[in-house]
Amino acid sequence: MDDGKLKAPEIADYKTQVEQIKPQPKLLKNCVWAFATGGFICLLAQIIFNYLLASGLDKIQAGNSVSIIMIFLGALLTGLGVYDKIVEKAGAGAIVPITGFANAIVASAMEFKHEGYIFGVGSKIFSVVGPTLLFGFVFSVLIGLIKVFINA
Amino acid sequence: MPTSKKKGTQTVVFARPPGISSWASIVGPKEGAGPWGSYFDWRLNDYLFGEETWEKAESKLLRETVKLAISKGNYQESDMELLIAGDLLNQTIASNFAARDLALPLLGIFGACSTIAEGLIIGAMLIDGDCIQRLVAAASSHHYTAERQFRLPTEQGTQKPPTAQWTATAAGAAVLDGLAAAGPRITAVTIGRVVDMGITDAADMGSAMAPAAVDSIKRHLRDMGRPLSYYDLVVTGDLGRIGKTMAEKLLSHEGIEPYSNYKDCGVSLFGLKQSGVNAGASGCGCSASMLCGPLLKKITDGDIHKLLFVATGALMSPLSSWQGESIPGIAHAVAIEY
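Protein sequences appear in the order of chains A and B.
Quick note: the first sequence uses this note's numbering, first residue 196, plus one each step.
Quick note: the second sequence uses this note's numbering, first residue 43, plus one each step.
Chain A extracted, bound-state conformation (with noise of 0.2 Å):
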């Protein structure tokens, strides 16, 4: 270091190094908390349809309910301050459900409403989930153009 300029081999060395002693994830741990997290999130999800199911709806109907009812509810603990906690615990599987989904959306528009409805909350609600948006929307037309082309 003495010249004041690093040389690669310092550099790629001090790499390595840190790799070694970087703390690892605890994988079993995380992976039992998104396991168990993310199959009650379905367990209850799946309870919600058979009500519905039983209450008279019919399959679709029942679907797009329960998609609802569960925005609702990871809007609704992300309001209270608690979704971002069950997310610290059990990662993925809190995220990757469609209550993280809303979470995601729901604390970008908390976070910027005080910069008002035009520059916070209208533009930034997406900023976390925008790129989800743009990419489900590429390929949600590239599958619908495969479809054509197999039913061609």
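Hints are not guaranteed to be accurate.
Stated by the list, open to error - In silico EDC-like pairs for lysine to aspartate or glutamate, Cα to Cα no more than 16 Å straight-line:
| id | chain 1 | residue 1 | chain 2 | residue 2 |
| --- | --- | --- | --- | --- |
| 1 | B | Lys109 | B | Glu119 |
| 2 | B | Lys98 | A | Glu310 |
| 3 | A | Lys308 | B | Asp274 |
| 4 | B | Lys339 | B | Glu290 |
| 5 | B | Lys202 | A | Asp279 |
| 6 | B | Lys348 | B | Asp274 |
| 7 | B | Lys260 | B | Glu290 |
| 8 | B | Lys47 | B | Asp172 |
| 9 | A | Lys221 | A | Glu310 |
| 10 | B | Lys202 | A | Glu283 |
| 11 | B | Lys291 | A | Glu214 |
| 12 | A | Lys217 | B | Asp243 |
| 13 | A | Lys210 | B | Glu367 |
| 14 | A | Lys217 | B | Glu290 |
| 15 | A | Lys210 | B | Glu93 |
| 16 | B | Lys291 | A | Glu205 |
| 17 | B | Lys47 | B | Asp345 |
| 18 | A | Lys210 | B | Asp265 |
Said to hold, decoys possible - Cβ pair distances, simulated, as ranges:
| id | chain 1 | residue 1 | chain 2 | residue 2 | range |
| --- | --- | --- | --- | --- | --- |
| 19 | B | Gln365 | A | Asp253 | 23 to 31 Å |
| 20 | B | Ser271 | A | Leu222 | 50 to 58 Å |
| 21 | B | His295 | A | Cys237 | 50 to 58 Å |
| 22 | B | Asn132 | A | Ile216 | 47 to 55 Å |
| 23 | B | Gln175 | A | Leu328 | 57 to 65 Å |
| 24 | A | Phe267 | B | Phe192 | 24 to 32 Å |
| 25 | A | Leu238 | B | Gln191 | 17 to 25 Å |
| 26 | A | Leu222 | B | Ser363 | 24 to 32 Å |
| 27 | A | Val291 | B | Glu299 | 43 to 51 Å |
| 28 | A | Leu248 | B | Gly318 | 39 to 47 Å |
No lab work stands behind these hints, which were simulated from the structure alone.
Every value quoted in this text rests on a predicted model; they were computed, and no experiment measured them.
Backbone N, C-alpha and C fix where the C-beta goes; we use that ideal spot for every residue, glycine too.
Please build the complex by placing chain B on the supplied structure of chain A, with the hints as guidance.
For chain B alone, kept in the frame of chain A given last:
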């Protein structure tokens, strides 16, 4: 041409070392619940500090800390000729808005989490250079302003890796007085160089900053012709547990053995069991509050006579990270003796 006060390549030794005549620190709830909680002047119960937004809360945090440092030293605000302040927010708004209410001349600075050391260095030079007699140096950080600027919305669920650090909600302010009769004094300072070892993981800033800290410590010791053991305590700013381990390795590699007299504010600020902390604390407020709380108290109590305070900063922005740039580190060393 070497000047009379410059020593070696990066160090300045003061002819009339400015005194740190008064200081104050205010911390958030999590910091107050940590092992050093009782050493801080105020411990907030609420991250909003009675304000509407996180940014206003941080600005108030800084402003009240500056006021407290002034009043604790039995000064009036009008006794202060200058405020040197900085924070992590874009355009350093916490400091700018605090200074608006204080009506003090302001030098706004940015050194990421090393800001308080940068302020002390500039301040000490201005005083020893006979430009100014009394000034306040201050720095702040707020967990939630930092989260939303550098990472994600605060209510967004994320799982942080064990290398991540928790940005401290804290501020520290110190009054430097060229006429101080007794008390701790800044005897020498070493201005750090930007060192980049190619770390790109923004969730591991300790490893990115450790080489800068070691570089500044090494240069300070070489410029001053001192061994590390000259100091009762060498304390780095916010390397955290992983960064501190890397710094110890690098120091050993340089032939400097950091025995028990090396600590890190980022490791010390929070207890091991506190949730969400992972590798430790970070933020301008971390080193600023630890200096203007526990460390200066221990100096006046006589537990520490010679302190080398090496505040560290990670000089990246979200933009530079997205563009794939690595994280440059900086560290400034301030020798405080009593």
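Tested hints:
{"no.": "1", "hint": "B:Lys109 with B:Glu119", "verdict": "holds (7 Å)"}
{"no.": "2", "hint": "B:Lys98 with A:Glu310", "verdict": "holds (13 Å)"}
{"no.": "3", "hint": "A:Lys308 with B:Asp274", "verdict": "violated (49 Å)"}
{"no.": "4", "hint": "B:Lys339 with B:Glu290", "verdict": "violated (26 Å)"}
{"no.": "5", "hint": "B:Lys202 with A:Asp279", "verdict": "holds (11 Å)"}
{"no.": "6", "hint": "B:Lys348 with B:Asp274", "verdict": "holds (5 Å)"}
{"no.": "7", "hint": "B:Lys260 with B:Glu290", "verdict": "holds (12 Å)"}
{"no.": "8", "hint": "B:Lys47 with B:Asp172", "verdict": "holds (13 Å)"}
{"no.": "9", "hint": "A:Lys221 with A:Glu310", "verdict": "violated (38 Å)"}
{"no.": "10", "hint": "B:Lys202 with A:Glu283", "verdict": "holds (7 Å)"}
{"no.": "11", "hint": "B:Lys291 with A:Glu214", "verdict": "holds (13 Å)"}
{"no.": "12", "hint": "A:Lys217 with B:Asp243", "verdict": "holds (12 Å)"}
{"no.": "13", "hint": "A:Lys210 with B:Glu367", "verdict": "holds (15 Å)"}
{"no.": "14", "hint": "A:Lys217 with B:Glu290", "verdict": "holds (14 Å)"}
{"no.": "15", "hint": "A:Lys210 with B:Glu93", "verdict": "violated (43 Å)"}
{"no.": "16", "hint": "B:Lys291 with A:Glu205", "verdict": "holds (14 Å)"}
{"no.": "17", "hint": "B:Lys47 with B:Asp345", "verdict": "violated (29 Å)"}
{"no.": "18", "hint": "A:Lys210 with B:Asp265", "verdict": "violated (29 Å)"}
{"no.": "19", "hint": "B:Gln365 with A:Asp253: 23 to 31 Å", "verdict": "violated (51 Å)"}
{"no.": "20", "hint": "B:Ser271 with A:Leu222: 50 to 58 Å", "verdict": "violated (42 Å)"}
{"no.": "21", "hint": "B:His295 with A:Cys237: 50 to 58 Å", "verdict": "holds (51 Å)"}
{"no.": "22", "hint": "B:Asn132 with A:Ile216: 47 to 55 Å", "verdict": "violated (33 Å)"}
{"no.": "23", "hint": "B:Gln175 with A:Leu328: 57 to 65 Å", "verdict": "holds (59 Å)"}
{"no.": "24", "hint": "A:Phe267 with B:Phe192: 24 to 32 Å", "verdict": "holds (31 Å)"}
{"no.": "25", "hint": "A:Leu238 with B:Gln191: 17 to 25 Å", "verdict": "violated (38 Å)"}
{"no.": "26", "hint": "A:Leu222 with B:Ser363: 24 to 32 Å", "verdict": "holds (25 Å)"}
{"no.": "27", "hint": "A:Val291 with B:Glu299: 43 to 51 Å", "verdict": "holds (48 Å)"}
{"no.": "28", "hint": "A:Leu248 with B:Gly318: 39 to 47 Å", "verdict": "holds (41 Å)"}
Of the hints listed earlier, those the structure fails to meet are numbers 3, 4, 9, 15, 17, 18, 19, 20, 22, 25, in rising order.
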